[in-house]
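Position chain B against the provided structure of chain A, taking the given hints into account.
First to last, the sequence lines map onto chains A and B. Start counting the first sequence at 11; every next residue gets the next number (the working numbering). Start counting the second sequence at 1075; every next residue gets the next number (the working numbering).
Check the hints yourself; a few may be wrong.
A short, non-exhaustive set of chain B residues, derived as facing chain A with CB atoms under 7 angstroms [as the list claims (entries may be wrong)]: (1) Ser-1099; (2) Leu-1103; (3) Ser-1208; (4) Ala-1212; (5) Ala-1217; (6) Tyr-1228; (7) Ile-1267; (8) Ser-1324; (9) Ala-1358.
Each pair of labels, with its calculated beta carbon distance range [claimed, not checked]: (10) Val-20(A) <-> Leu-1144(B): 51 to 61 angstroms; (11) Val-20(A) <-> Ala-1201(B): 21 to 31 angstroms; (12) Gly-1200(B) <-> Cys-98(A): 29 to 39 angstroms; (13) Leu-1122(B) <-> Gly-140(A): 28 to 38 angstroms; (14) Arg-1205(B) <-> Gly-169(A): 32 to 42 angstroms.
Simulated coverage check for chain A against chain B, where a stretch passes if three residues somewhere in it have a Cβ under 8 angstroms from a Cβ of chain B [to be verified]: (15) 118-132; (16) 135-143; (17) 201-215; (18) 234-245; (19) 254-268.
Bear in mind the hints are in silico, worked out from the structure with no lab data behind them. For glycine and all other residues, C-beta sits at the position ideal for the given N, C-alpha and C.
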Amino acid sequence: MRRLGWPAIVAAVPLAVILVFVVTGDLLAPFPPNEQNLLLSSGGPTGEHWLGTDDLGRDVLSRVISGARVAVIGPLLVALVAVAVGICLGLAAAYYRGRVDAVISRLVDVMYALPALLVAIVVVGISSGGYAVTVLVLSLLSVPTAIRMIRSAASVQSGLPYVEAAQSLRLPARTVMFRHVLPNIVPTVVATFLLDFVVALIAFSALAFLGIGGQPGSAEWGVMIADGREQILFEPWLALAPAVMIILTAVCATVLGDSVYDRLTARREAR
Amino acid sequence: MIRFLARRLAAMVAMLLLVSFLVFSLLALAPGSLLATLMGTAPSTPELIEATTAKYHLDDPFLVQYGRWLGSALRFDLGTSVRSGEDVLDALGQTLPMSFQLALFALLLVVLVGIPLGAAAGLRRGAATDRVVSTVAAFGMSAPPFAVGLLLVYVFGVLLDWFPVFGSGEGFGDRLWHLVLPAVSLATALMAIVLRQTRAAMLDVMDQDYITFARARGVAPTRVLVRYALRNAAVPIVTSSGVVLIAALSGAVLVETVFSLPGVGSLLVVSVNTKDIPVVQGIAMVAAAFVILVNLAVDVLTGLLDPRVRARQVAS
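The following block holds chain A by itself, in its conformation from the complex (with noise of 0.2 angstroms):
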């Protein structure tokens, strides 16, 4: 860990917490997120309710926390899908090269070229989809950056003499490129999760926030920066705490990944 340099550490111990609000759910919030309590409604942060409470008198501290299950586990799946399909259509045209690395690449610069979240507010929008839709679509938007960060990543290995010794032995071509290739970018597969991680998070949240595909009212963070947006004026921290969470939880993964992308590749090249 303290290789990673200060920025790392310091990113990753916010990353931390919220994945144990991840696992933890509504375990480690002080109230029942969903409780009503009227006589407390709007009031202002207080010993007991930390953030203060809703205009239904809800915790905001707690729910919050209670958010970070559904903010964080989508964007997840979005990320270890793009990453997954990545690994094999970008190994593969890295690979081959030659038709299927034109076909590969051309379906990818086409996608490439998509305003992402906006194909995402319509399609989702339109077909009221759930939270599977929306994981399903975002995941088809991601799989285009991710292909293109492996396999530009893989085409610089597959030149490699390492590759045409495998090859050589008459290993089978799987073999080579998940046991042989795949290892030696393993940054960049790292670097490609957190970044599609990161672009998830944020489409998810702007979805929830437009009221597409989330459920009005719930403790979700994008839900709840809109449903305290019109309060700004009078009470700014029911909009305020969640809006901070999604900012802090972006940038601490763009840090770690910057950071761990970073170190792997300064410790190969100093081998």
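Positioned in the frame of chain A, the structure of chain B alone reads:
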């Protein structure tokens, strides 16, 4: 060059046709029957059902419907809104200026601040400017525009009370005043892309032998910077500008919603949420045409800037 342009224009028309089919198919994506979607909240009397069926030719096969829709779209007739009964083109005409002003303001900020800062960071790698710029870029890359907008509203609109919080303002000066916070929110995300690309392009160019030799020959530093470095860094900067313009589309939707600006983005969100398909189709077509035009412009511009790219374009 002319042949290259002609080929690109033909490809553009083919792309638009493909997109128009996808956009028309959106109708089929909506849950429930086409009839229910197209009638909206109108009472379902037999007369109205018949009128709607006749108006949209719902008894025809899907492809015939598409052909008819495409035919009217080519004559700039995009149908009427299910929600308000308004002509889709009129609705677009009323909201486009707002979005255009917001985008122009944000892009000015990006060009005037992002490119010089990125270039400065790339010139002195590892210096204080570079570290600050890289940190800001990492923040902008990952902070969603609507969350940034909200923070800006709170700090500059509520705490400091410098700028208006919601609405679009009347008259030029007031409009400009109302657009400051939205434009800064939008520009933050877009600036990050430009900062990173410009910095990387400058780093790359400054390492080239011809820069070292130009300096060794005693060429004036400004001449080295402008004629040698910037000209060669221009191609990646133009390419990233294309990415920025397309990202601005998505960003504007969020920013307009945060600041309650009556632009195309807000119209899209309302139309999507109320399943007002004709309006969504209209906006999607305009957005697709914009994306395709931007990509064409980037290709032509990079060709004009770099003879090597041009040679490749003409040869292929």
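Results of checking the hints against the structure:
1. Ser-1099: Violated: closest Cβ of chain A sits about 10 angstroms from Ser-1099(B), beyond 7 angstroms.
2. Leu-1103: Given a least distance of 5 angstroms, the restraint on Leu-1103(B) holds.
3. Ser-1208: With Cβ-Cβ at 9 angstroms, over 7 angstroms, it is violated.
4. Ala-1212: holds (5 angstroms)
5. Ala-1217: Since the shortest Cβ distance to chain A is 5 angstroms, the answer is holds.
6. Tyr-1228: holds (5 angstroms)
7. Ile-1267: Violated. Min distance 13 angstroms.
8. Ser-1324: holds (4 angstroms)
9. Ala-1358: Holds: closest Cβ of chain A sits about 6 angstroms from Ala-1358(B), inside 7 angstroms.
10. Val-20(A) <-> Leu-1144(B): 51 to 61 angstroms: Given about 55 angstroms between the Cβ atoms, the range holds.
11. Val-20(A) <-> Ala-1201(B): 21 to 31 angstroms: This hint holds: roughly 22 angstroms between Cβ atoms.
12. Gly-1200(B) <-> Cys-98(A): 29 to 39 angstroms: Given a distance of about 38 angstroms, which is inside 29 to 39 angstroms, the answer is holds.
13. Leu-1122(B) <-> Gly-140(A): 28 to 38 angstroms: holds (31 angstroms)
14. Arg-1205(B) <-> Gly-169(A): 32 to 42 angstroms: holds (34 angstroms)
15. 118-132: With 8 residues closer than 8 angstroms to chain B, the region 118-132 of chain A meets the three-residue bar; holds.
16. 135-143: That given contact holds, which follows from 4 residues of the region 135-143 of chain A lying within Cβ reach (below 8 angstroms) of chain B.
17. 201-215: Held - the region 201-215 of chain A has 3 residues with a Cβ nearer than 8 angstroms to chain B, which meets the minimum of three.
18. 234-245: holds (count 4)
19. 254-268: holds (count 9)
This entry does not satisfy hints 1, 3 and 7, going by the numbered hints stated previously.
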